[in-house]
Amino acid sequence: MACTKFNKTSVLRRQRSQDLVCFHDYCQGAAILEGCLDIWEAIMPPSLTHNTENIVSSVPQRLGRTFLAMHISCHHFHQVLLSPLLDSHGDQYTTKRTQEAT
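The opening residue of the sequence shown carries number 1 in our numbering; numbering runs sequentially from there.
These are calculated hints, taken from the structure and not from any lab test. Incorrect hints may have been included.
[Said to hold, decoys possible] Here are the in silico distance ranges between beta carbons for each label pair:
id : residue 1 : residue 2 : range
1  : P60       : Q28       : 39 to 49 Å
2  : L63       : I39       : 18 to 28 Å
3  : R62       : H24       : 44 to 54 Å
4  : G64       : D25       : 33 to 43 Å
5  : P60       : L20       : 41 to 51 Å
Predicted model, so just to flag it, every value in this text is computed and none were measured. Beta carbons: idealized from backbone N, C-alpha and C, even for Gly.
From just these sequences and the hints, can you work out the full model?
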């Protein structure tokens, strides 16, 4: 499930960077994917949630790196997904480039 959400995040971000999707549509898609990532985190078994106790208990099982990688990846994909929303100009650049090209 998580892999699918991460892949969809990558595809949406690539489409936005190539101006294949407008800012408004990106925002809608990002909101849906953010909700999916939040649900994925919410339904995670208690033994896999991100806290000090679970990190410490994963080390003797030699799962510490995997445990941390899973949570770091999730935070990273939230960042990748939401960072375009920090652009206060939104579609203004896309519109300007389109007008200049014609």
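Hint check:
Distance hint for P60 and Q28: a CB-CB separation of about 44 Å, consistent with the stated range 39 to 49 Å. Roughly 23 Å separates the CB atoms of L63 and I39, a value that falls within the hinted 18 to 28 Å. Roughly 46 Å separates the CB atoms of R62 and H24, a value that falls within the hinted 44 to 54 Å. Distance hint check for G64 and D25: the Cβ-Cβ separation is about 40 Å, which falls inside the suggested range of 33 to 43 Å.
Hint check: P60 to L20, Cβ distance near 47 Å, so the stated range 41 to 51 Å holds.
Of the hints listed earlier, there is not a single one the structure fails to meet.
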